[in-house]
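**Q** Chains as they are written, first to last, in our numbering: chain G, 1 to 347; chain V, 1 to 804; chain A, 1 to 216.
Each hint should be verified, as a subset may be incorrect.
[What the hints assert, rightly or not] Short, incomplete list of chain A residues facing chain V, as computed with Cβ under 7 angstroms:
# : residue
1 : D72
2 : R79
3 : N91
4 : R107
[What the hints assert, rightly or not] Chain G is nowhere near these chain V residues, computed Cβ spacing over 10 angstroms in every case:
#  : residue
5  : S11
6  : P182
7  : L270
8  : R374
9  : V402
10 : V534
11 : A583
12 : P629
13 : L691
14 : T710
15 : L783
16 : R790
What the hints contain is simulated information worked out from the structure, not anything from laboratory work.
Heads up, the beta-carbon is just placed ideally off N, CA and C, and yes, glycines get one too.
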Amino acid sequence: MNVRLLVFLLLWPWAALAQGFAGLGTEADGFAVPERGHSPVFPADHGPHPDFRIEWWYLTATLTGADGREYGLQWTLFRSALKPGEAPGWHSPQLWMGHAAVTTPDSHLFAERLSRGGIGQAGAHATPFRAWIDEWEMAGDMGGDMVLSAGGRDFAYHLTMRAKGPLVLHGEGGYSVKSAAGQASYYYSQPFLEVSGSLTLPEGEMPVTGQAWIDREWSSQPLAEDQSGWDWFSLVLDDGSRVMAFRLRGSSDFTSGTWIGPDGHATALPDGSIRAEPLATAPSGTGPEVPVRWRLAIPARGLDVTVDALNPRAWMGTSFAYWEGPVRVSGSHGGRGYLEMTGYGDE
Amino acid sequence: MIGAALLALGSHWRRHPVQLVTLLLGVALATGLWSAVQAINGEARASYAQAANQIGAGGLDRLRRADGAAMGLEQYLALRRTGWQVAAVLEGEMRLGLRAVAVTGIDLLAYPDLPAIAESAAAAEIAPVEALTAPGRLFAAPALALTLQGEPGLPPVAATNALPPDTVLTDIGTAEALLNRPGQISHLLVLPKQPLVRTPLAEIAPDLIRQPASGAQDIARLTDSFHLNLTAFGLLSFVVGLFIVHGAVGLAFEQRRGLIRTLRALGLPLRLLTRLLLAELCLLALMGGAAGLVLGYLVAAALLPDVAATLRGLYGAPVSGALELRPVWLLSGLGMAVAGTLLASAQALWRLARMPILAAPGQRAWGSGRLRARSQLLLALVLLLGGLAGFALSGGLIGGFVLLGAVLMAAALALPPTLSVLLTIGAARARGPVAEWLWSDMRAQLPGLSLALMALLLALAANIGVGTMVASFRLTFDGWLDQRLTSTLYVTARDDAQGAALADWLEPRADAVLPIRSVEIDRAGTPLFVYGIVDHPSYRTHWPLIARSAQDWDRVMRGEAALINEQMARREGLWPGDNVELAPGWSLPVAAVYSDYGNPTGQAIVALERLLDRYPGTPNTRFGVHLAPERAEGLADEIDATFDLPVGAVIRQETLKARSRAIFEKTFLVTGALNILTLGVAGFAILTSLLTLWTQRLPQLAPVWALGLTRARLARLELARAVALAAMTAVLALPLGLVLAWLLLAVINVAAFGWRLPMYLFPLDWLRLIGLALATGALAAALPALRLYRLPPAHLLRVFANER
Amino acid sequence: MLLTVDTVTKTYPGGRPVLRGASITLDRGQSLALTGESGSGKSTLLNLTGALDGFDSGEIILDGVALSRLDDAGRAALRRDRVALVFQQFNLIPALTVAQNLSFQARLAGRLDADWLKEITARLGLGDLTERYPEQLSGGQQQRVAIGRAMAGRPKLLLADEPTGNLDETAAGTVLDLMLDLVRDSGTALLLVTHSQAIAARLDRRAHLTGGRVAA
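Extracted from the complex, chain G is given alone in its bound form:
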C-alpha cells in the first residue's frame, strides 16, 4: 500500500473517470443525471452542483513571455462528491482537488491540492463568481474581468483576465453527449479570455500575455462502460475561430466538438464529423508514451491541421495522472491551443 493507492481509493470517482472503471462510470448511485433539454442558467451554474458526482472549473492558457518564448498554463478545480448533497464542517462529502501547471518548451511544473468542502478550505460561489482551494483562486466576472492565481513548490502565477466574447454552450444547448449509449454532461466554455500577468519560475519572474479558455462541466456518469480514455483539443485559430474537439476511445470511437466563430457563434460537430489521428508518440516524462503529434481534420469546416505538443513531457504526475499541455497548430489553419490525453496507462 502506498500513498498513491490510498489517494486512488480516496479519489475513486476521478479514477473511474480517468480509466473508465467498469460499472462506476455508468452508475449514477443516487446522483442527479444531466437531462436532455435542460440548459445551464447563468450566473447560477457558475457555482457548484453538489447533487452531481463530478464537476470541474478548468482553465488552460497559451501564453507568450516577455522573452518571446511560448508558455502554457493550467488551473483546474475538480469537485468530486463521495455521496450526493452537502453536510456541515468536516463531514462534507464534497471533495475538492486542484491541479495547477506551467509548461515551457523544456520544462513542466505542476502541483496538486486536496481538500474537502464544508469547512471553507475549498469551494465555489456563483455570485460573485469565485472558485478556490487553499490560496489558489479563480474569481471575477465570467463575462468581464477575472483574476487567477496558483502555485506549487517550484512555481507560481498570477494573472488578470478579460472576457472578449460570450459564453459558449456545447452539444445541445449545453447538454453534451459523451457516448453512443447516451452518457452525457452539462458543458459550457468561456473561450475568449485575454490574459496578462506573470509567472514565477525557478529562473525568476516572467511577464506573460496570451489567451485563456475556461471549461465548465458537471455530470454523474460521464463514460460508457467500454470507454477507456479520451483525447481532447481546445484550439484558438489565427482567424479568431475556436475549436473544441474530443475523441472518446472505446470499442468504437465517439467524437464530438464545437466550432466557435470569432463572434462566439457555436455549431455542434456531431459524432463522426471529426477525424483525430495520432502521427507520432514520444515519452511523456514520468508517464507512458503518448501521441504528441496529431492530424486533426474537420472536413465540413475545411480544417486539416497538424497538432504538435510544445513540450511532449507535459505529464501531470498527480493523484490520477494524465497528459495536459500546450500545442501548436499548423496546416490549413495556424494557431495555438491545449491538448489533454487520458487513458494511456500509468494512471
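Position chains V and A relative to chain G; hints supplied.
**A** Positioned in the frame of chain G, the structure of chains V and A alone reads:
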C-alpha cells in the same frame, strides 16, 4: 568417501543423544535469550517509529498556540488560504468505562500519507466515503479495536497493526464528534511540500509557535539506556549459553578422537575432515538456533507486556504489547547462533587440526598451569586498566558500559587463578587423606570447570548488581514519593475557566488548594518544565532537597531564586550558588536542588508570581488539594459529580503512588526474570561441564574407590565439591556484584537518567542469592553424582585394565 | 588359611559367564600366581577377591570374613583395611603428589607407620620424587609408587594384576624384584595375575584358569 565419513561422524550423535540435546540446548539457550532481548528492543523501536509516523511527529514540524489552548477552524483556514500546507490535528481522551483512550483525529484528506490509515484502509477495503463522512471509521490496534467494537454508539472500527496501543486514529471530523469538541484543532502539522510563495507565519498567525520536529528522536534517546541495559543482559546470556556449547562440542570432539584418528589413518585428508566437522557444526548451530528463535519469541512475548508498560510509564514511549516477527530478527538470530557456535568450538577445532595422527590420549600437564594463571591475571589487569582508560576518555553512558564490561571480563578472567589460590590454601590446611584429596582434586578439576564457573560468577554478579540497584531504587523512590506527593488529591480541569471554578469550589471544602502550574520552555532543543508554586508548609517540610543553601525556600518564595531538579543540576553542573538561565533573558540563582526520579527532562520551580510575570497565559488547570485522608474519597466523588472532568482528572495520592510504584515494579520484574534466566543458564553450563569432564573423572575416582571409599561416599563428595566451588564463586561474586551495583547507580544511572541514587545494601538478598548459587551447583552436580552412585564396579575396574 | 575361594561364579550382565566355579586357597605370607589365557577370568577372580565387585554364587572368605555377606560399605572397608591392590595402570590418584599417594591408603585405614613408609620410599628409590604428581612420572616410577602405597599399610593380602604389563623388560624386572622383596619382608600374602610363565615361576604356587575354572 565423504558419505562414509559423514556417516561415521554422525553415528556419534546417534549413540550420544543426550550430548546432542545438550549441544542443541546450549545453542538454543544462547540464541533464545539473545534474540528475546533483540525482539523486545526491535518491537519497541518499531513502535516509536510507528508512533512518529502516526502523528507525523517524526519528521513534521507543528504549529500550536503558545498558550497551549486549542485553535479554531478560522486560524487553520487563514493559514491554508495564504499558502501554508498544514494538516489539522485534534487530540483528546475518550472515556471507555474506566479506561482512557487517546484519540487522534487528523484531516485525512490533507495528510493521506499516514501508514496506519493507508494499510488498514487497504486491508479492510474501506472506501474513502466511509472514513471521511459520518459516522466515520476508527482505526486502532487489534486489541483495542476488539474492545471498541463492543462499545455502543461508536463508529465502526478497523483494526490495524500500524498503530500503537491505546490510541485511536480517525478523521478529524469523526474525532470532533467523538470528543465533543466541534471546530477545535489541537495543533497543525506542517506538511513537507510547501509552495514557493507563502505569507510568513508572524503576519497571519502571530499567536502560533512553530515547534520543530522531534518526538521519535527524543524517545529514542531517552530509551537508549533502557535498551542498552537489555542488550547487555542479552549479550551476557548469550555468552553464558556459549559456555554450554563450548562444553558439549569439546566433549563430542574428545570422544571422537579415536574415530577421527581412524578416519585419517584410512586416508581422509585433514582439510576435508575439518570442513566436514565445520559443516556439521553449522548444521547443528542452525538447528539449535531455530529452536532458540522459538524460545526467544516465547520469552519476548512473555516479557514484552511488562517492558511495554515500563517504557510507556517511564518515558511515555508508546510500545505495543504484541510481538511481531521480523525477518531481520530471524536472520540475525540464526547468524548469532552460527557465529557463537563456531566461536565456542574454535578451540576444539584448532586442537583437532593440530592433532597428530598417532597421539596418546592426552593427560593434562600440570606444569603449564601456573604460567596460564599468571597470563590470565595479567590479561585481567590489562582489561581493567583499559576499561578505566575508556571511561576516563569517553565518559558518559557508553564509557560507563565499557568500564562495566571491562570489570566483568577482568573479574571472570581472574576467577580461575583466584580459586586456584584458595584451593591451594585449603589443601594445605586440610587434615586427613580424604580432605586432602578433595581439595587437590577440586584444583585439578578447575581448568575444566573454569568456564562454567566464570558463567556462574557473571550471572551472580549481575544478579547482585542489578538487584542492589533495583532495591536501592525502590527504597529511595518510595521515600521520595512520600516526600514529593504531599497533597491528598490531585485534580486536573479541562481548561482555565473550569480550573478557576474548581479552585473556588474547593477552597471552602479543603485545608488548602495549591495550584500546580507549569510551562514548557524549549531550551536549545531540550524541554524545560518550569513550575510556579505558592508558599505552603508542605513544600518546606517535605520537598526532597538534596543540595540546599541558606534560606532557600524564603528566597524562592520571594521570587529571588529557583529550585532545579537533580537531572538538570548534574547535566549542566548547576548547584546552589550558581545562576540558571531558565529562558533567554531570564536567569535566577539556584537556591536548592531536588531529586526527581523517573523524569527524563529538566525541571525548575519558581514562585508562581514570577512565572506569571513571564508567562501570563500559563494554564491554571491542575491543583493539589490538602485535606484529611479519610475525606479524600468523598471529596473526589463530589468533584466528579459537580464538574464535568475528563477520566482520571481526580487522582488520590495513594493511587498516584501506587501507579508510580507499579511502573517501577514492571522494570524490576523484567530484570528479575532475566536474572533468573541467566542464573539458570549458568547452572546448565556447570552441568554440561561436569558431564563433559565425566570421562576424565573416572581415572581420578577409580583409584580412590579401589582404595576403600564407597561409591555413595564418592557421589556425596562430588556433590560437595560442586557446591564448594559454587560457594567460593558466589563469595567472590559478592564484591564484584557490589562494584557492579555501584557502577550502575553512580555512573550508568547518572549518565542515562541524570540522577544518582544512594546505594543500600541488602545482606539478606545476598544470603538468598548465595543459597541460590549453592542450589545451582548442587543441582548441576546431582546428575553426575547420581550416575556415579549407580555406576557398576566393572566400569570403574576398566580404568585399570589395558582395554581402554 | 588367609583366603579361600570356593566355587565362585560370575556373569556380567548381558555377557557369557566369566567364572564357572573357580576355587583357590592361599595361606598367610604365601604367594600365588594366577595364569591363564586372555578372557579366562583371572582378572575377574582377582577383583572379586579384592572385594571390588560382587559375585553370583560360591563364597570367598578373606581373613575370616565371608565376602558374600558384605554390602558396598563393608566391601569398601575390607579393601581399605585388609587388602592392597596394584593394577596394570592408573593406580595412582592424579590430583595427589607421590608422597600423598604413598600414604593415602595407610592413613585411610588409620595405620600409618611413618618409619615403615620412609623405609619403603627409600627402598623403592622414590626419595627424590615425593613432591611430584603422577603424570610427571614414568610408567615404572608410577608402578613403584603404587607398590609403595599398597605396602605402606602392611596389608594381609596384596592383589596385583599384571603390575608390570605396561612396562619394558628392564623396568618390569626392577619393579617385580622390589615388589617381591617387600612382600617377603612384610609377611604379606600375594595373589598375582600374570600371563608370564617366568614371573609365575618366581612365586610359591601357581594356579591356571581355563574357561572360568582353575585347572587341576
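**Q** Hint by hint, which ones does this structure get wrong, listed from lowest number up?
**A** Checked against the structure, the only hint that fails is number 6, while the rest are satisfied.
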